[in-house]
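Engineer: Could you build the full structure based on these sequences and the hints that come with them?
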Amino acid sequence: MALLDLLLVVGIIAGVYSLLAIGMNMHWGDTGLLNFAHAAFFAVGAYTSAILTTPTPEAGLLAERVVGFDLPVAVGIVAGTVLAAVLGFVIATTSVRLEGDYLAMVTLSSAELVRLVIHNEAWLTTGAQTLKNIPRPMESTVATLPVSYDVFYFLLVWGLVGVCYLLFERMSNGPFGRVLHAIRENDDVALALGKDVTQFKLKSFAIGAGVAGLAGTLWAHYVYAISPVMFLPSITFLIWAAVIIGGAGSYAGAIVGAVVIVLLRQVTRFIPGSVPFSDQMSYLRLMLVGVVLVAVLYYRPEGLLGNAERLQAGTSEGD
Amino acid sequence: MVLDPQFVWNGIVVGSIISVSALGLTLIFGILNFINIAYGDYMATGAYLAFAVNAQMGLPLAVAIAAGVVGMAAGAVLIDKLVFEHFRTSSPVTLLIVSIGIAFFIRNLIRAIWGPSGNFYDVPIEANPNLFGVRYSVEQLSIIVASLLLLTAVYVLLRRTRIGIAMRAASDDRTLTRIRGVDTERLVLYVWIAGGAIAGLGGIMLGLDAQIRPNMGFTALIPIFAATILGGIGDPKGAVAGGFAIGILQEVSVVVVPSEYKFAVALAALIVGLLLRPDGLFGEATR
Amino acid sequence: MTLLSVDGLRKTFGGIVAVEDVSFDVERQDIVGVIGPNGAGKSTTFRLLTGFHTPDAGTVEFDGEDVTDLSPDARARKGMIRTFQIAQELTGMSVMQNMLLAAQGHPGERAVTSALGIGGTSAFEADQRDQAEELLQLLELWELRDEYAGNLSGGQRKLLELGRSLMADPDLLLLDEPMAGINPDLTDRLLERILELRDERDMTFLFVEHDIDAVMRVADTVVGMHNGAVLSMGTPEEVQSDDRMLEAYLGGEV
Numbered sequence: 000m001a002l003l004d005l006l007l008v009v010g011i012i013a014g015v016y017s018l019l020a021i022g023m024n025m026h027w028g029d030t031g032l033l034n035f036a037h038a039a040f041f042a043v044g045a046y047t048s049a050i051l052t053t054p055t056p057e058a059g060l061l062a063e064r065v066v067g068f069d070l071p072v073a074v075g076i077v078a079g080t081v082l083a084a085v086l087g088f089v090i091a092t093t094s095v096r097l098e099g100d101y102l103a104m105v106t107l108s109s110a111e112l113v114r115l116v117i118h119n120e121a122w123l124t125t126g127a128q129t130l131k132n133i134p135r136p137m138e139s140t141v142a143t144l145p146v147s148y149d150v151f152y153f154l155l156v157w158g159l160v161g162v163c164y165l166l167f168e169r170m171s172n173g174p175f176g177r178v179l180h181a182i183r184e185n186d187d188v189a190l191a192l193g194k195d196v197t198q199f200k201l202k203s204f205a206i207g208a209g210v211a212g213l214a215g216t217l218w219a220h221y222v223y224a225i226s227p228v229m230f231l232p233s234i235t236f237l238i239w240a241a242v243i244i245g246g247a248g249s250y251a252g253a254i255v256g257a258v259v260i261v262l263l264r265q266v267t268r269f270i271p272g273s274v275p276f277s278d279q280m281s282y283l284r285l286m287l288v289g290v291v292l293v294a295v296l297y298y299r300p301e302g303l304l305g306n307a308e309r310l311q312a313g314t315s316e317g318d
Numbered sequence: 000m001v002l003d004p005q006f007v008w009n010g011i012v013v014g015s016i017i018s019v020s021a022l023g024l025t026l027i028f029g030i031l032n033f034i035n036i037a038y039g040d041y042m043a044t045g046a047y048l049a050f051a052v053n054a055q056m057g058l059p060l061a062v063a064i065a066a067g068v069v070g071m072a073a074g075a076v077l078i079d080k081l082v083f084e085h086f087r088t089s090s091p092v093t094l095l096i097v098s099i100g101i102a103f104f105i106r107n108l109i110r111a112i113w114g115p116s117g118n119f120y121d122v123p124i125e126a127n128p129n130l131f132g133v134r135y136s137v138e139q140l141s142i143i144v145a146s147l148l149l150l151t152a153v154y155v156l157l158r159r160t161r162i163g164i165a166m167r168a169a170s171d172d173r174t175l176t177r178i179r180g181v182d183t184e185r186l187v188l189y190v191w192i193a194g195g196a197i198a199g200l201g202g203i204m205l206g207l208d209a210q211i212r213p214n215m216g217f218t219a220l221i222p223i224f225a226a227t228i229l230g231g232i233g234d235p236k237g238a239v240a241g242g243f244a245i246g247i248l249q250e251v252s253v254v255v256v257p258s259e260y261k262f263a264v265a266l267a268a269l270i271v272g273l274l275l276r277p278d279g280l281f282g283e284a285t286r
Numbered sequence: 000m001t002l003l004s005v006d007g008l009r010k011t012f013g014g015i016v017a018v019e020d021v022s023f024d025v026e027r028q029d030i031v032g033v034i035g036p037n038g039a040g041k042s043t044t045f046r047l048l049t050g051f052h053t054p055d056a057g058t059v060e061f062d063g064e065d066v067t068d069l070s071p072d073a074r075a076r077k078g079m080i081r082t083f084q085i086a087q088e089l090t091g092m093s094v095m096q097n098m099l100l101a102a103q104g105h106p107g108e109r110a111v112t113s114a115l116g117i118g119g120t121s122a123f124e125a126d127q128r129d130q131a132e133e134l135l136q137l138l139e140l141w142e143l144r145d146e147y148a149g150n151l152s153g154g155q156r157k158l159l160e161l162g163r164s165l166m167a168d169p170d171l172l173l174l175d176e177p178m179a180g181i182n183p184d185l186t187d188r189l190l191e192r193i194l195e196l197r198d199e200r201d202m203t204f205l206f207v208e209h210d211i212d213a214v215m216r217v218a219d220t221v222v223g224m225h226n227g228a229v230l231s232m233g234t235p236e237e238v239q240s241d242d243r244m245l246e247a248y249l250g251g252e253v
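Residue numbers (numbering that gives the first Met the number 0), protein chains in the order written: chain W, 0 to 318; chain S, 0 to 286; chain B, 0 to 253.
FYI, nobody ran anything at the bench for these hints, they're computed from the structure. It is possible that some hints are incorrect.
[Unchecked claim] Partner residues aside, some chain B positions facing chain W, computed with beta carbon under 8 angstroms: (1) 81; (2) 84; (3) 87; (4) 96; (5) 100; (6) 110; (7) 118; (8) 122; (9) 124; (10) 150; (11) 154; (12) 167.
[As the list claims (entries may be wrong)] Reference excerpt, derived from the structure (chain W facing chain S, CB under 8 angstroms, subset only): (13) 2; (14) 89; (15) 103; (16) 104; (17) 105; (18) 112; (19) 115; (20) 119; (21) 128; (22) 132; (23) 239; (24) 283; (25) 286; (26) 292; (27) 293.
Cβ coordinates follow ideal geometry from the N, Cα and C atoms, glycine included.
Structural biologist: Here it is in C-alpha cells:
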C-alpha cells in the first residue's frame, strides 16, 4: 500500500514534468529554438494560480503579501497558463531573432530575472518566504469518494498530459507544425516561401510556454506551498535532459524522457530501509542524470523515441 | 548625483572577477565554438580545490590558489579526454547540451564531497583599511592584483608565443589554421589548459570576494555571459573590457536601481548589447 | 505590361561596390535570363530582388507596388517566389512535406486550426496534395514522395526545389541557377515546362544562370551583367552579338 502511495506521488511529479517536456519539445524539437527560460514559465504558472486562488493574507499572518483573490482553482489554472504564454511571447519578442547560442543565453538570463522579481516583490509573492495554503481543486468532493486524493490528482494530471499530447501531436503533424519544422531545418527557405518566420517562432514560444505554465499551476495546487528555490534554472536543464533523452521532435519521447528523469531522481526513495550515504544520495542521482544525458547523446543521439533517419538525412551527401 | 568612489571600487573588484572568468569562457569558445554551460562549475571546482588545500589541509592561501588553478587546468583536460573529445564533430548545440550533463555531474559531485552549504577561505580577518574614504579589504586587493597578473600573462601568451598566435588565428578561422598545418588537437589541449586554469582562478577570486558554494559559478555565469557577448564572443580583449564594464555598471547602478536588482543590469546590458552591437564592442567577433 | 521594375539598385559591402545602378524591367509573361561572368553582381542583384539584402539605393517595384522595404516573406506572399542556388531542401522533411509547405494561404497554418483540424484545413490539404502529386509526377519524384529530402541526389533536390516553388503558384518565379547539376535531358524538359507554365499559369520567370545555352534557348530578354552593372540588355541575339559581353567573359573567368 505504501508503495502504491509512493508510486502515485512519483507519477504526479512525472506528469507535471511531462507537460514541461511537451512544451520544450515544441520549442526545440519542432522549431529548433534554444529555450532556457522554461523554469520561468513554470514559476509564473505556479505563482499566478497560487496568488489568484488564495485569499488576501490577514495582517500578521504572511504579513508581507498584500495581494490575494480567493478565486476558484479553475480560474487560477487558466490564468496561470495564459500568463506563462504571454511571458513566453514577451521574452521571445526581445530575442527570437537572435541566433541559437545567443538565444540560449538571453532566455536563461530572462528566466533568472523573473525569479529575481518573484524573490523580491514580496507584496505580491511573499518573496523568499513560502507561499502557503494553496487550495487543492475539488478537495471536499474527492473526500467523499472512496479513493484517495492522490488517485484523483494523478488521473487529473495524466488526463491533461493526454489532452496536451493529442493537441501537440496534431499541431506538429499538421500544416502549422510543418512550418515550424521548416524553420527548424532552414528558416531562409520558410521565408522564401512566404512564411512569417518571426510570427511562427513567437507562437511556438508562447504555446510551449503556456503548457509549462499549466504544469506550474498543477504543481502549485498539488504541493500546497511554493517558494522561489523550486524554480531554479536546474529545472530547465532537467527538462532539456528529458527532451534529449526521450528524443527531440517526438512528443511521446518527451513524456518518456520526463518519466525517466523523474525515476532517476526518485529511484532511491523506493529502496526500503536505511541507505548508506543517504545524505549524498540526491546528489548522486543528479550526477547520474548528467551521465545518462551524455551517454544518450553519444550512443543514441536521436534519443529513445526520436527519429534517427531524420537526423541522418542529408548528412551523408549533398553540397 | 555624486558617484560614490566606494561603488566604483566595488565595481572594479567585481569587474576583475567577471573579466578573468569571461576571458576563459571566450577563449574556449573561440577554439571550440560552443558555449560551455559547465564553465561555472569549473570555476566552483577551482574554488573548492583551493578550499581543500587552504582551509582543510591548512596550507597558505598562495599554495591553495596554485593548487586550484593547476588542478582545474588538469580537470578541464581530463573532462575533454573523457567526454568532449568524443563529440569533436558534433554541432555547437549538441556540445552545449553535453556541457549541461557535465554541469550536473560536477555540481553534484561538489555537493556530495563538500556538502551544500557555504564555506570560507582561511584568511586572517583584519579590520578593513580605509584609503581616501574607500574601504578595501586584503581579499579585494589580492583579487585585483591576481586579475592584473593573469590578464598580462594571457596577453603575452596570445601576442608573443607561437601557441598563442596559433590560438588567435584559429579563433578567427579554424579551417584556415588547419590548412596551414597547425595541429588543432594540440591547440584544443592548450586551450583547455588555459581555459581551465583561468576558470579555476576566477572561481577562487569569487570565493575570496564572497562565499564558496556549490552553485557559485553557475550563478555567476550570467554576468560572465553578458561580458562575453558584449565583448563579442571569442574576442579576448572584448571579454575583458565587457567584464569591467558590467562589473562597474552593476555596482554603480545601486545609486538608481534597488540593489536586489543589481543583477538585472547585467541582463539589460546583455540584451541591449546584443540588439545594438551583435558583433561585440570591437566588432571583430567570430560571428 | 511591366510586372517587375528595378531602378538604380546599389549595394556595397564594407565599402566595396557589389552592384551599381542596376535598372531593368520585366514584362508580364516574360522569361528573363541574367547572365554574366563570376563576380558580375548577379547573385547580389538576385538577393536584392528577393529581399534577402536591402539595397543602399534604388527601388524594386512589383506589380505596380514598391516592395523595396518588404521582407523576403512579405514579397513571397505577394507572388515573388525564389529558389536557391544550392538547393536548400529541408533535409529532415519528406519530399511531400516539402511540397505542401509551399502552399500559400493555408488555413491550417494557424495553431488552433492545425490542432483541431477545423477551418477547412483538411479540404485545402487534400487539394494541395493533388497538386503536389501532379508536379511530383512531372518531375519524376512521385515514387520518392515519402523519402526524406536529404536522401535525394543533387539533381533531384534541384527538381524538388523547383516543384516546391511552383506549388506556391507564383506570379514571378526567380530561379537562382536552376540548371546547375541537372542532366541535359532533364534540362530540356524543364525548359519546355517553363514555357508551358508561362502560358498555362500566366507566369513570369527571371533566372540567373551560368548555362548560357539554356538562357539563349528560352529567354525572351537577356540582361548581361559585368562588374556590378548592367552591361548589355536585349534579345538573346542582341546580347550574344554584343562585343562588350564577349570581352567581359573573356576578361574574367569563363
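Engineer: Hints first: check each against the structure and report whether it holds.
Structural biologist: Evaluated hints:
1. A least Cβ separation of about 5 angstroms between residue 81 (chain B) and chain W falls short of the 8 angstroms threshold, and the interface hint therefore holds.
2. Interface hint status for residue 84 (chain B): violated, as the beta-carbon distance to the closest one in chain W is roughly 11 angstroms, over 8 angstroms.
3. Interface restraint check: residue 87 (chain B) against chain W, minimum CB-CB distance 5 angstroms, threshold 8 angstroms, status holds.
4. Nearest Cβ of chain W to the Cβ of residue 96 (chain B): about 6 angstroms, under the 8 angstroms cut. The hint holds.
5. Because the smallest distance between the Cβ of residue 100 (chain B) and any Cβ of chain W comes to about 5 angstroms, under 8 angstroms, the interface hint for this residue holds.
6. Nearest Cβ of chain W to the Cβ of residue 110 (chain B): about 5 angstroms, under the 8 angstroms cut. The hint holds.
7. About 11 angstroms separates the beta-carbon of residue 118 (chain B) from the nearest beta-carbon of chain W, more than 8 angstroms, and the hint is not met.
8. Checking residue 122 (chain B) against chain W: minimum C-beta separation of about 12 angstroms lies over 8 angstroms; hint violated.
9. Interface hint status for residue 124 (chain B): upheld, as the beta-carbon distance to the closest one in chain W is roughly 7 angstroms, under 8 angstroms.
10. Evaluation of the residue 150 (chain B) hint against chain W yields a held restraint, the C-beta minimum of about 5 angstroms falling below 8 angstroms.
11. Checking residue 154 (chain B) against chain W by beta carbon gives a least distance of about 11 angstroms; that is not within 8 angstroms, so the hint is violated.
12. Interface restraint check for residue 167 (chain B): the shortest CB-CB distance to chain W comes to about 6 angstroms, inside 8 angstroms, so the restraint holds.
13. Interface hint status for residue 2 (chain W): violated, as the beta-carbon distance to the closest one in chain S is roughly 27 angstroms, over 8 angstroms.
14. Interface restraint check: residue 89 (chain W) against chain S, minimum CB-CB distance 12 angstroms, threshold 8 angstroms, status violated.
15. For residue 103 (chain W), the shortest C-beta to C-beta distance to chain S is roughly 7 angstroms, which falls under 8 angstroms, so the interface hint holds.
16. Restraint check, residue 104 (chain W) versus chain S: the minimum CB separation of about 5 angstroms is within 8 angstroms; hint holds.
17. Annotation: residue 105 (chain W) was flagged as interfacial toward chain S, and the flag holds, the nearest CB pair being 6 angstroms apart, inside 8 angstroms.
18. About 5 angstroms separates the beta-carbon of residue 112 (chain W) from the nearest beta-carbon of chain S, less than 8 angstroms, and the hint is met.
19. Hint status for residue 115 (chain W): holds, given a least beta-carbon distance of 6 angstroms to chain S, under 8 angstroms.
20. For residue 119 (chain W), the interface hint holds, the least distance from its beta-carbon to any beta-carbon of chain S being 4 angstroms, beneath 8 angstroms.
21. Given the 8 angstroms rule on beta carbons, the hint for residue 128 (chain W) is violated: about 15 angstroms separates it from the nearest Cβ of chain S.
22. For residue 132 (chain W), the shortest C-beta to C-beta distance to chain S is roughly 26 angstroms, which exceeds 8 angstroms, and the interface hint is violated.
23. The restraint placing residue 239 (chain W) at the interface with chain S holds, with a minimum CB-CB distance near 6 angstroms, inside the 8 angstroms limit.
24. The criterion of a C-beta within 8 angstroms of any C-beta in chain S is met by residue 283 (chain W), whose closest approach is roughly 6 angstroms, and the hint holds.
25. Hint on residue 286 (chain W) holds. Least Cβ distance to chain S is approximately 5 angstroms, under the 8 angstroms limit.
26. Taking 8 angstroms as the C-beta contact cut-off toward chain S, the hint placing residue 292 (chain W) at the interface holds, the least distance being around 4 angstroms.
27. Hint on residue 293 (chain W) holds. Least Cβ distance to chain S is approximately 4 angstroms, under the 8 angstroms limit.
In the structure shown, a violation is registered for the earlier hints numbered 2, 7, 8, 11, 13, 14, 21 and 22, in ascending order.
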